[in-house]
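Student: So the chains spell out like this:
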Amino acid sequence: MIDDKDTAGHVWCLEDLTEIRLLERQVRQKEQMAAIGAMSAGIAHEIRNPLASITGSFKILHSDLRLNEDQTQLADIISRETERLNRTISGFLSFARPPAPQLKMTDLSVIVTEMVSLMRNSTELSSRHSIEMRLESVCAIVDESMMRQVFYNLATNAFKAMPDGGTLTISVEPRNGAQVRFEDTGIGLDETEMKNLFVPFCSSFSEGTGLGMAIVYQIVAAHNGVIGVKSRKGAGSTFFVDLKK
Amino acid sequence: MIAKARILIVDDERSIRELLEIVLKKEGFDVTSAHSAEEGLDRCKASEFDLVVSDISMANMSGIDLLRELRTNNFSGQFILLTAFATAETAIQALKMGAFDYIIKSENFIEELKLVVFSALENRRLRDGESYR
Numbered sequence: 001m002i003d004d005k006d007t008a009g010h011v012w013c014l015e016d017l018t019e020i021r022l023l024e025r026q027v028r029q030k031e032q033m034a035a036i037g038a039m040s041a042g043i044a045h046e047i048r049n050p051l052a053s054i055t056g057s058f059k060i061l062h063s064d065l066r067l068n069e070d071q072t073q074l075a076d077i078i079s080r081e082t083e084r085l086n087r088t089i090s091g092f093l094s095f096a097r098p099p100a101p102q103l104k105m106t107d108l109s110v111i112v113t114e115m116v117s118l119m120r121n122s123t124e125l126s127s128r129h130s131i132e133m134r135l136e137s138v139c140a141i142v143d144e145s146m147m148r149q150v151f152y153n154l155a156t157n158a159f160k161a162m163p164d165g166g167t168l169t170i171s172v173e174p175r176n177g178a179q180v181r182f183e184d185t186g187i188g189l190d191e192t193e194m195k196n197l198f199v200p201f202c203s204s205f206s207e208g209t210g211l212g213m214a215i216v217y218q219i220v221a222a223h224n225g226v227i228g229v230k231s232r233k234g235a236g237s238t239f240f241v242d243l244k245k
Numbered sequence: 246m247i248a249k250a251r252i253l254i255v256d257d258e259r260s261i262r263e264l265l266e267i268v269l270k271k272e273g274f275d276v277t278s279a280h281s282a283e284e285g286l287d288r289c290k291a292s293e294f295d296l297v298v299s300d301i302s303m304a305n306m307s308g309i310d311l312l313r314e315l316r317t318n319n320f321s322g323q324f325i326l327l328t329a330f331a332t333a334e335t336a337i338q339a340l341k342m343g344a345f346d347y348i349i350k351s352e353n354f355i356e357e358l359k360l361v362v363f364s365a366l367e368n369r370r371l372r373d374g375e376s377y378r
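Chains A and B are the protein sequences, given in the same order.
This note's numbering puts the first residue of the first sequence at 1, with every later residue one more than the last.
This note's numbering puts the first residue of the second sequence at 246, with every later residue one more than the last.
Calculated directly from the structure, the hints in this document are not laboratory data.
For every residue, glycine included, the Cβ atom is placed at its ideal position computed from N, Cα and C.
Mixed in with the good hints, there may be bad ones.
[Said to hold, decoys possible] Heads up, simulated DSS-like pairs for lysine-lysine below, C-alpha to C-alpha not over 25 angstroms straight-line:
#1 B:K359 to B:K341
#2 A:K244 to A:K230
#3 A:K59 to B:K271
#4 A:K233 to A:K245
#5 A:K104 to A:K160
#6 A:K104 to A:K244
#7 A:K59 to B:K341
#8 A:K59 to B:K359
[To be verified] To list a few chain A residues with every Cβ distance to chain B over 12 angstroms, as calculated:
#9 H45
#10 N49
#11 K59
#12 E136
#13 S137
#14 P163
#15 T238
Hey, can you work out the whole structure from these sequences and the hints?
Tutor: Written out as structure tokens, the structure reads:
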């Protein structure tokens with residue numbers, strides 16, 4: 001039936017663009033990270049050469065001189081801070097020029113278990129923190145050492161996000177291929193923090209090099225995996241890593 | 246007669262060159278330096294060296310190119326490469342071409358370099374029967 005305005009009816013087309021928008025965001029993030037990687041390799045190279053000269057020259061001077069107490073303290077500051085710069089540059093270089101992953105089929109629950117026992121013996125874990133594990137034996141094609149680094153960084157990040165203590169729950173299950181989840185009861189993230197989460201030196205924590213999450217992103221991307229986060233300010237965060245089986 | 250080992254340092258970073266000259270002279274070696282791979286090549290053509298310590302990343306000609314050229318010109322001394330950062334590919338390439346070792350300019354690279362220099366010269370002494378300090 002046609003009404004008096006010659007309109008026979010309406011056709012509404014609805015399309016869910018959530019997935020497309022998510023993919024577009026991932027592509028933009030990938031391009032951004034590639035550009036940062038290329039730039040950082042150049043910067044790190046330019047810093048490391050003079051830093052090597054400073055460190056080497058200072059060590060020789062230090063061993064040749066007899067210093068009083070104050071001078072020794074000043075010398076220690078130079079040593080400590082140049083070492084810190086070196087650590088930052090080394091981290092930045094491993095981010096900028098990562099080695100190719102040595103892939104093999106590995107049980108992710110084994111990597112998580114090893115990483116947790118390493119963590120229990122480290123200073124990262126205080127008495128106010130606890131770790132719960134819900135592990136299924138799930139295999140994926142990964143570089144074991146790189147993936148251990150990813151899990152370690154995610155766990156360290158979770159403890160930093162729980163300054164007053166809390167529980168980190170780590171799960172491994174056969175979801176979206178193979179999924180490892182890190183769920184903390186910490187301070188959570190707001191929109192801006194989530195947007196800058198994987199960008200080098202944009203850490204919201206005062207300690208650390210600001211490269212931990214950037215390295216996580218890069219390693220997961222090198223495995224053609226996906227990393228995501230669900231978080232709300234004040235309500236904790238859940239990071240998930242999806243890998244190919 | 247025991248001669249001083251002759252070492253050539255090749256690096257386009259002036260501070261690194263000067264630092265290595267001081268360090269290696271303190272160890273009693275006869276040290277010369279060059280600010281580019283091209284100059285290093287000329288110096289090796291003009292005089293004999295027991296060891297070349299060269300940076301990898303330099304303008305125009307890299308340390309790897311220098312090593313290749315020297316081997317083509319029958320250079321029989323040892324060769325150590327320095328780099329601000331390591332990649333597995335470059336390390337493999339360098340060692341395949343007969344570099345003795347590969348050192349990253351990290352915070353302890355001077356101590357590491359001294360050990361590797363002594364080891365490279367000892368290796369050359371055993372190989373060629375030369376004696377120097």
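Student: Compare the structure with each hint and give your call.
Tutor: For each hint, the structure was consulted:
1. B:K359 to B:K341: holds (23 angstroms)
2. A:K244 to A:K230: Holds - the C-alpha atoms of K230 (chain A) and K244 (chain A) are around 21 angstroms apart, at most 25 angstroms.
3. A:K59 to B:K271: holds (14 angstroms)
4. A:K233 to A:K245: Outside the cut-off at roughly 33 angstroms; violated.
5. A:K104 to A:K160: Roughly 31 angstroms between the alpha carbons, so the hint for K104 (chain A) and K160 (chain A) is violated.
6. A:K104 to A:K244: holds (11 angstroms)
7. A:K59 to B:K341: violated (33 angstroms)
8. A:K59 to B:K359: Holds, at about 14 angstroms.
9. H45: violated (5 angstroms)
10. N49: violated (5 angstroms)
11. K59: Violated, because the least Cβ-Cβ distance between K59 (chain A) and chain B comes to about 6 angstroms, which does not exceed 12 angstroms.
12. E136: Correct as stated: the minimum Cβ-Cβ distance to chain B is 34 angstroms, above 12 angstroms.
13. S137: holds (32 angstroms)
14. P163: Its Cβ never comes within 12 angstroms of chain B, the nearest being 31 angstroms, so this holds.
15. T238: holds (35 angstroms)
In summary, the numbered hints that this structure violates are 4, 5, 7, 9, 10, 11.
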